[in-house]
Amino acid sequence: MEEFQPTIIAFVCNWCTYTAADLAGTSRLSYPPNVRLIRMMCTGMVDPKYVIKALLEGADAVLISGCHPGDCHYINGNYKARRRVKLLKEILPRFGFEEGRVKLTWIGASEGVDFAATIKEMVSEIKGLGPNQTREKMVI
Amino acid sequence: MAKIAKIEVKEQGLIASMQGFFRTLLEKGDINALLVPHRLPVKNTVMPTLLTDPEKINGADPLAPVFPINAAKVVSKLTRRPAYGRVAVVLRPCEIRAVVELVKLKQARTEEVVLVGLDCLGAYGNVDYLRFAGENGNGSTQKYFQNVLSGKGTAWEGIDISPACKACEHPIPENVDLLIGLLGVDTNDHILLKANTPKGESILDKLRLPGAKEPEARKRAVDALIAERSAYRDQMFQETSEATADIEKLTSYLSDCINCYNCRVACPVCYCKECVFVTDVFDHEPSQYLQWAKRKGAIKLPTDTVFYHITRLAHMSTACIGCGQCSNACPNHIPVMEIFRTIASYTQKAFDYEAGRSVDDEPPLSVFREDEFKELTGGKH
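The listed protein sequences correspond, in order, to chains A and B. Going by the working numbering, the letters in the first sequence line up with residues 192 to 331, in that order. Going by the working numbering, the letters in the second sequence line up with residues 28 to 408, in that order.
A hint or two may mislead.
The list that follows gives simulated cross-link-like pairs (lysine-lysine, DSS-like), each with its CA atoms no further than 27 Å apart [unchecked claim]:
hint, chain 1, residue 1, chain 2, residue 2
1, B, K276, A, K328
2, B, K327, A, K240
3, B, K83, B, K70
4, B, K133, A, K277
5, B, K170, B, K83
6, B, K327, A, K328
7, A, K271, B, K376
8, A, K244, B, K376
9, B, K401, A, K244
10, A, K240, B, K401
11, A, K311, B, K401
12, B, K240, A, K271
13, A, K244, B, K300
14, B, K323, A, K318
15, B, K321, A, K244
16, A, K240, B, K376
17, B, K300, A, K240
18, B, K104, B, K300
19, B, K55, B, K104
20, B, K233, B, K37
21, A, K328, A, K318
22, A, K277, B, K276
23, B, K133, A, K240
24, B, K376, A, K277
25, A, K277, A, K318
26, B, K240, B, K55
27, B, K321, B, K276
28, A, K277, B, K300
29, A, K240, B, K321
30, B, K276, A, K240
31, B, K246, B, K226
32, B, K401, A, K318
33, B, K55, B, K226
Label-pair distances were calculated between CB atoms; the ranges are [as the list claims (entries may be wrong)]:
hint, chain 1, residue 1, chain 2, residue 2, range
34, B, E201, A, E194, 51 to 61 Å
35, B, T306, A, E194, 32 to 42 Å
36, A, E194, B, E255, 48 to 58 Å
37, A, R230, B, T306, 18 to 28 Å
38, B, Q315, A, G291, 24 to 34 Å
39, A, D238, B, E402, 16 to 26 Å
40, A, K318, B, G180, 28 to 38 Å
It should be emphasised that the hints constitute simulated quantities derived from the structure, not laboratory data. Cβ atoms here follow ideal geometry from the backbone N, Cα and C, with glycine treated the same way.
Isolated chain B (complex conformation) (with noise of 0.2 Å):
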């Protein structure tokens, strides 16, 4: 049975009394740093900050409607080697989901951290996100999270949160150490701080906070936000099919690529170190893109789109969360996370493998069985 305290709200508001718990956290909770989404000085966005001094986390907004990087990458660069110390990571459910998959590509480790998830509401676009906080960060999260939580809804003035969170099914962290959940909770009164595992259950212990419970109306909140996603994203599945169902589709679809491979960098699953697309196998001999041309009569350049796209696809679509970076990130709005979402739910049904799930199921291409997909080989052995 998982412990549950709360935090208090009351009239000091949502972000304070967030900042407060992590303050506590941070003196408290036996961790040497945290790393929280923070409010940068310089300018008015949000960006994963690694924190020592508990006088500093009057920046920390980990509610911003806005994740500028799957911050899974960072927790892989915290922890592919020892640290020698012991962080707390506030992450989004997608965000851990890739730890997830990291941990299973040795590129990433749990044993020096503490994982924090909060339940996600989703969040806008990079460029969205500006617009929506204008000048003010934490009235703008204040309003976001008022806005969703009663049930007015996460559209603003022609703006929406991304298609990758409107399509998300996970909104609730799973495989976390402690939970911060604010789905069905009485959040002008306090947030719901539950711990589930022995770790978890340690560091709660520690912190001495009020007990709670459960609220009744949480499970219903859940499930009904699951459902408005699978419903969102099931259409995403049939609309990006029927966009992409032959070579010429696809070739339109990604049309505006232009090799400039930001969704590869910013996507927190794609795991080679050198990727092959930036080898010398594609600097090609200048006499090649004339044979090319000569063959079919006209050829675009830069080459190698759709060769790119489909190939990531081939190696990475069975480890994508579907955090929509991808889509992010790219400078011509094409729908990669669309594509990528589509097709993985393919490739990961025919592993019976879902990305972020557990680091106890094996990734689909690092292993085999002897009696398996005979049927590739007409049933021959």
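So here's chain A without its partners, still in its complex pose (with noise of 0.2 Å):
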């Protein structure tokens, strides 16, 4: 049987994140390619729907990953982020969705080894978790 690959959405900071993963690129690191990157503006911007509606659709687990809090380049993105998060993993695992499914880290623009060995941390423990339940199940 072949091993599961998870796919994990992630919504990174164009500023810090998102640079951080460029870096990782041009600095020739390698990480497992199930992260599908999908750049913000801001931390800030992400709408909880948008974790739930990754989740809904099959994705194993959602990443949001931004500035180190006091570094956002819009002054409190982030903090905005670590809150909607926070409901997020109150809500979410009362149905069924393991709280290891949503992730929120702090990368900065610098920290490009930090970026990869993120992903491969993340792409570990959710093998190890298994595939979400909405992969096969008829929900939307």
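Join the two chains, each given in its own frame, into one complex according to the hints.
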């Protein structure tokens, strides 16, 4: 049997984590290809429904990653994102989505190594959790 | 120390004495209008009605065990901008708590409002109420109160008050200027009227009602009712959690949803002026449906039902005051209130927030602290 390959949707901010991902690429660092990056101007604009939709559509996990506290290009977007992630982590596990399927990290523009390591770690965590329950179920 | 007066009941009965009080309030209370549940002359139903003529008060029936809408929505319409007149609004505790939330969302103001709250003994669903009231509206209200206050309970011929009311641990209005007390009071003789704020006290002084004391039985009666309702609530939380524990169960729980959005329309704290679910974001391309169907082999239509409910939970469960109008409005009898209150109990606790408690509490998603929830990012800064 083929090994389960998770799909991870990552909402990353333009200024920090996307730049870090770019750096990881230009530095020729390798990390698993399971992640689909969606570049946002700020984690503060990640509406909870983007995360909900991704998980209902069958994504195995969602990563939200932005600037370290104090470094937000828009001053406080990442603090707002953190409250929303807290909210989602209260709601989604009640419906059987394991808590690890939503992850928040801070990865700065210079931390390409950190980005590659975070993706590696997350992919292995999600492999451990197994496929999301919505993969085969008829839910929209 | 709150000022307390009494409204005499004696032989005229509860409803007439209550109407007498409203007449006095409108004539002497320095207010321009009164918003009160009122029996409609055209049909035997009760709706919030804005009154300025004391003679028209003879249909007021704030004790009728029904509230077809959460009147906080009406208060919002009356107060979102200056009305240049003072209105006394007679509300249930859940309606007052919704007003508190709307004030924080800048969708209502209390500057020109006198909040009058009643002890709430619960209400039937809209459809059940019409059956309960039959042809005799006032008589049915009397019957309801006699039954409840004498300990016979709220059930009648197979119908009972709504689950939201059974699970409501806030039967006594908070944050009101004037409180009308019934629980633990000898309502054959009088009703309690308590001024909780300076605004309320100045009105009470103008009405020149006889003074009274809060009977000792009141606290006992209130505590007993809250204990009963909290027990029901906890049981409901447990049953609902089990019924929605995974996505398959949740889908089955919500499977009768037809995307009518009545629950959202009826919700007093669903605050967006335009809901994203009615915008063209959700006007999917026809080919999109075919793709979804192809990917999973089958797709239920309408789509976006589970998505809608979880999104609404994320948007407003922190503001949910548990009035149950969502369930009341559902054409397919989905237990919407149960799932919202259950999830709200977690989301509100996570932010140490209680919807409707105080206008000074900040809505959780409108603020942030620099130094919080560090565990979400593994304690890293």
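Here's how the hints hold up against the structure:
| no. | hint | result |
| --- | --- | --- |
| 1 | K276/B <-> K328/A | holds (11 Å) |
| 2 | K327/B <-> K240/A | holds (20 Å) |
| 3 | K83/B <-> K70/B | holds (16 Å) |
| 4 | K133/B <-> K277/A | holds (25 Å) |
| 5 | K170/B <-> K83/B | holds (24 Å) |
| 6 | K327/B <-> K328/A | holds (11 Å) |
| 7 | K271/A <-> K376/B | holds (18 Å) |
| 8 | K244/A <-> K376/B | holds (25 Å) |
| 9 | K401/B <-> K244/A | holds (25 Å) |
| 10 | K240/A <-> K401/B | holds (23 Å) |
| 11 | K311/A <-> K401/B | holds (22 Å) |
| 12 | K240/B <-> K271/A | violated (49 Å) |
| 13 | K244/A <-> K300/B | holds (22 Å) |
| 14 | K323/B <-> K318/A | holds (22 Å) |
| 15 | K321/B <-> K244/A | holds (18 Å) |
| 16 | K240/A <-> K376/B | holds (21 Å) |
| 17 | K300/B <-> K240/A | holds (18 Å) |
| 18 | K104/B <-> K300/B | holds (13 Å) |
| 19 | K55/B <-> K104/B | holds (25 Å) |
| 20 | K233/B <-> K37/B | holds (23 Å) |
| 21 | K328/A <-> K318/A | holds (19 Å) |
| 22 | K277/A <-> K276/B | holds (24 Å) |
| 23 | K133/B <-> K240/A | holds (24 Å) |
| 24 | K376/B <-> K277/A | holds (11 Å) |
| 25 | K277/A <-> K318/A | holds (23 Å) |
| 26 | K240/B <-> K55/B | holds (23 Å) |
| 27 | K321/B <-> K276/B | holds (23 Å) |
| 28 | K277/A <-> K300/B | holds (25 Å) |
| 29 | K240/A <-> K321/B | holds (24 Å) |
| 30 | K276/B <-> K240/A | holds (20 Å) |
| 31 | K246/B <-> K226/B | holds (25 Å) |
| 32 | K401/B <-> K318/A | holds (25 Å) |
| 33 | K55/B <-> K226/B | holds (14 Å) |
| 34 | E201/B <-> E194/A: 51 to 61 Å | holds (57 Å) |
| 35 | T306/B <-> E194/A: 32 to 42 Å | holds (41 Å) |
| 36 | E194/A <-> E255/B: 48 to 58 Å | holds (55 Å) |
| 37 | R230/A <-> T306/B: 18 to 28 Å | holds (23 Å) |
| 38 | Q315/B <-> G291/A: 24 to 34 Å | holds (30 Å) |
| 39 | D238/A <-> E402/B: 16 to 26 Å | holds (23 Å) |
| 40 | K318/A <-> G180/B: 28 to 38 Å | violated (55 Å) |
Of the numbered hints listed earlier, those contradicted by the structure are 12, 40.
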